[in-house]
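Got chain R; can you put chains P, W and L on it based on the hints?
Number of protein chains: 4
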Amino acid sequence: MECGEPVEQVALRPGMSVDELVRLLGRAGAYNGGALSRGADIYEKMVRDRETVKFFGLAGAMVPAGMCGIVSDLMERGHIDVLVSTGANLTHDIIEAIGCSHYHGSAACSDVELRHDEINRIYDVFLPNSAFIKFEEFMQDVFSSLDTDRTFSIMELLGEIGRHLDSGILACAAKNDLPVFCPALADSMIGLQYWLFAQTARVTVDAFLDMKALIDICFAAEKAGALIVGGGVPKNFILQSMLVTPKGFDYAVQLTGDRPDLGGLSGATLDEARSWGKVCEEAQTVTVYGDATITLPLLVASVLERLDS
Amino acid sequence: MECGEPVEQVALRPGMSVDELVRLLGRAGAYNGGALSRGADIYEKMVRDRETVKFFGLAGAMVPAGMCGIVSDLMERGHIDVLVSTGANLTHDIIEAIGCSHYHGSAACSDVELRHDEINRIYDVFLPNSAFIKFEEFMQDVFSSLDTDRTFSIMELLGEIGRHLDSGILACAAKNDLPVFCPALADSMIGLQYWLFAQTARVTVDAFLDMKALIDICFAAEKAGALIVGGGVPKNFILQSMLVTPKGFDYAVQLTGDRPDLGGLSGATLDEARSWGKVCEEAQTVTVYGDATITLPLLVASVLERLDS
Amino acid sequence: MECGEPVEQVALRPGMSVDELVRLLGRAGAYNGGALSRGADIYEKMVRDRETVKFFGLAGAMVPAGMCGIVSDLMERGHIDVLVSTGANLTHDIIEAIGCSHYHGSAACSDVELRHDEINRIYDVFLPNSAFIKFEEFMQDVFSSLDTDRTFSIMELLGEIGRHLDSGILACAAKNDLPVFCPALADSMIGLQYWLFAQTARVTVDAFLDMKALIDICFAAEKAGALIVGGGVPKNFILQSMLVTPKGFDYAVQLTGDRPDLGGLSGATLDEARSWGKVCEEAQTVTVYGDATITLPLLVASVLERLDS
Amino acid sequence: MECGEPVEQVALRPGMSVDELVRLLGRAGAYNGGALSRGADIYEKMVRDRETVKFFGLAGAMVPAGMCGIVSDLMERGHIDVLVSTGANLTHDIIEAIGCSHYHGSAACSDVELRHDEINRIYDVFLPNSAFIKFEEFMQDVFSSLDTDRTFSIMELLGEIGRHLDSGILACAAKNDLPVFCPALADSMIGLQYWLFAQTARVTVDAFLDMKALIDICFAAEKAGALIVGGGVPKNFILQSMLVTPKGFDYAVQLTGDRPDLGGLSGATLDEARSWGKVCEEAQTVTVYGDATITLPLLVASVLERLDS
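Respectively, the protein sequence lines represent chains R, P, W and L.
In terms of our numbering, the first sequence opens at residue 290 and continues consecutively.
In terms of our numbering, the second sequence opens at residue 290 and continues consecutively.
In terms of our numbering, the third sequence opens at residue 290 and continues consecutively.
In terms of our numbering, the fourth sequence opens at residue 290 and continues consecutively.
Only chain R is shown next, with the shape it has when bound in the complex:
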């Protein structure tokens, strides 16, 4: 066993840029600070690599926490080719896009009082019920505009929704013709709105149709890379799709708050993914443990600064 570079004690400079800080964390090199810096190095290589198809996995309640802006910005800049999201993030993206807001709240409060005041809580974020009334109107309008008697994939359905919006993730994806996958869409407020609509509708949404589209992308990819926020369905759906191809992911960076010892996929290391072949043997990967409301902005701001200079 050999020692690597010496740990450099961090010397902060007032007014330093985010990338300067992230590079200092890299020269210190330890624990999750070091991992974050290695994550920025890998993500920089990945977005600079023109042969690489770029996947982005979005789990956790990221949109209510203001992270939607980062995702749509990465799309606009061409750094996301394929987005896989939970239904909840897309629900909250629509809520913001139709002009409603999430609000600063508190985790130390009476949820019964909140219930009486018609406010829904997501940890320390508050969301008034009124947003869901507007959301229902919007969703029913979109669904009513769908061609009847045909079968949609979930990706197509999300594309339709995006085309009715002017801002946010779904709008940005639609505008740039980027596929958004969400295998568990039924498990969201969008799903509940669809259930309402489906009581009288003649539209079919196929549960598996998107797999072909996604796997075709995987087959066509020279190389593949993924930035994965949280775990859940998006992480697995991205990684498993490569399983049926002869390839694996060449780059993968995961930002998660879960730990591996519980056995769940959300906290599983990307090394584990190597045993399955989801990730190449020689892939560059790193997992950063922590809250993505800190690690995602830090990592992306650092890499955008590098790309910009």
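Worth flagging that the hints you see were computed from the coordinates, not collected in a lab.
There's no promise every hint is true.
[Stated by the list, open to error] Covered stretches of chain P, as calculated for chain R (at least 3 residues, CB under 8 angstroms): (1) 291-302; (2) 494-500; (3) 509-517; (4) 526-534.
Note that CB positions come from ideal geometry on N, CA and C, so glycine has one too.
Structure of chains P, W and L alone, referenced to chain R:
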């Protein structure tokens, strides 16, 4: 503010039963030990309450860790009316049911070597690739037997699979005519097998059809209770379905390794669910933080002992 | 790489004993359930091994949570030769021993109201200020009885306190003539009481004197084993003492809620301790991640049952 | 209940400064990103408040991870009046100050091989044994220079060490005449060196003498604030010292990876500290959950930028 009962120092008795231990944890009453004991009290009430429809949410890699036996046992005893699972757990359930095994392994190993030896790793559990060959044969057989030119719900598809099996969760559900929901089925090896099958098939699986079935159950329920292992899609899909009814869950026990401060649903408290109306204002709820491979057997063994006496 | 034993699906038996359950977790063998079972196997061997000096490390707020009963029981049965504790656990042990109680409380409450009601909170445990008034009387009595003009070690001071008590950890240690170490005693209510006493006293307590006593025990030990609850000072003080001997620990079981990736010792694996030589190369060790109010009673009850049969 | 400000979606600007980023996290306002931003606001007020005595608590293996530079920088700038540390951090500070280095390593390695190669591991940081040989020489030199036949406090002992060094935390504290407290000094390599020295020495170090010095500071303080990294002894020793005064802390920011539900002090909220009176009723406090190798540089760089402009 008032103090409750005094904390009793735990006095272990060699040979004591599991429920004796759990009751001692309740008299000590603190932290997650106390929460586990309150969870057992709530779960006991819930399963004894004949008016209550009993939901079970299964997330995390529980079947590879031997927890499948507990779920099918609870089904056999009539303590589960509705199961919502991740696709991964159902995949591993099928693998066990067709005669393959998961194996004791190690988390400290070379995943590249494992890859060469055709062994897939789930933290410290090993699963040889050979299991997936047998799995493919089985799944293609099942899918080939499906009626063509019709539309299935995911629940119906899982029912078909269960009827081809003799043991495990899906078999037990099929035998007892219990619905199994899995909104993100595409996100699993079952999904990948379906993609393979679908290249030549004429069967449609509807992504949203199950919502009607589940919501009908919710509307019909006098009262409702849930035991939720992990978070993810199963937790939300169970809780959200009550949103469109005038009711909320009356009992809810969650066993999770996630924490609330990251904002994600998996670690969200059941109090938060009260603000949304997913859980009744006066519902009895508790969250136990920890590894469900410890907390689930402990909680269930304790309650089975109470029911048996 | 080779697969080990097959994972056995857990089959619970209503009324089963705790050790039956722990053995089932071992046959399932995965994640922290598997680790707990291996921990019980190691701890059983350790306590049965007559050549082994048995250390116990006690960190975290374990006494307010009712875990004091387990520690004193292990002492009475001869399974602890050396205890290393935080000052807080010894403070709360004294509080219980002088007839005061900790109480069931709640973590969701107003701490300002608690302050007004003179109740101190430890997560969901409440402790009225009145206990500290009685504690002060007791401690000043004990300190006043000390020989003046001499130098005590912390272990001697704790021995004096224990001889004034009838129940609990310190009393039990004193009765059985077992050393209790607490290097950070100043960092506790006992320390604050000593500060009060020291304003007029002529007694010296040496900060380092105990090291000789502890290291002498390490040198004299044929073999050494440790059960470590939490991390902190007790974990390190136990492990570091072996560093100056030619030996390392032969058995070590750690129950902790911390994770390794943050770099801190409390979450560090016992493998890491091998690189330092604190733990033997061939030592039997395991770390169980989780809340010790669940894992400690489970592990000890399981091992006591084995020893009893 | 009322909603606060709307959550603003984060809009990153390539090349933005660290404080710009932290302020964006504040306008997003959610989870630990929001908490970090509030922490910067509180810490800014605290360091700008000339009436406030500023405490810094240093736990976790922060120096091997390069965080020593931040602490000594804060000291030089006058933002730390009192430092409370673990013994391990001071050991590693001395190691760096005498010209040895910690090195980038890996957590996925054989600790037995590391042992053979005489390398000690701290998660993914490597430290060769040779550093401890030089450390021993240095420490024995310092101890040999101590006045015999007198009693030192731990703070005085650390002051002596600092005066023999040119860089790092202890040197900087000595140069600026700042007190460094370390109640558990025996629990460290410094302690082991003292044990070696003490086999022939006639110097006494009093375990409790520092309490008077620290409590005198607390009594004299107009107002008090604390930045607490990790938990452990430093957190409690800082907070408990205020207990014997009529005051409590006015500002407190904690950066920790532990969670409250395990009951331990390291993860305890600062609200809990309000019930004890360690923190004022109206104090401004926040806890940021995460790895301090990320949160500490981010928070301090943000505040230094504000102070500089």
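Against the structure, the hints:
1. Chain R is given as covering the region 291-302 of chain P, and this is violated because 0 residues of the stretch bring a CB closer than 8 angstroms to a CB of that chain, at least three being needed.
2. Counting residues of the region 494-500 of chain P whose beta carbon lies closer than 8 angstroms to any beta carbon of chain R gives 6, which reaches the threshold of three, so the coverage claim holds.
3. Counting residues of the region 509-517 of chain P whose beta carbon lies closer than 8 angstroms to any beta carbon of chain R gives 0, which falls below the threshold of three, so the coverage claim is violated.
4. Closer than 8 angstroms: that is the beta-carbon criterion, and the region 526-534 of chain P has 4 residues meeting it against chain R, so the requirement of 3 holds.
In summary, the structure is inconsistent with hints 1, 3 from the numbered list given earlier, while agreeing with the others.
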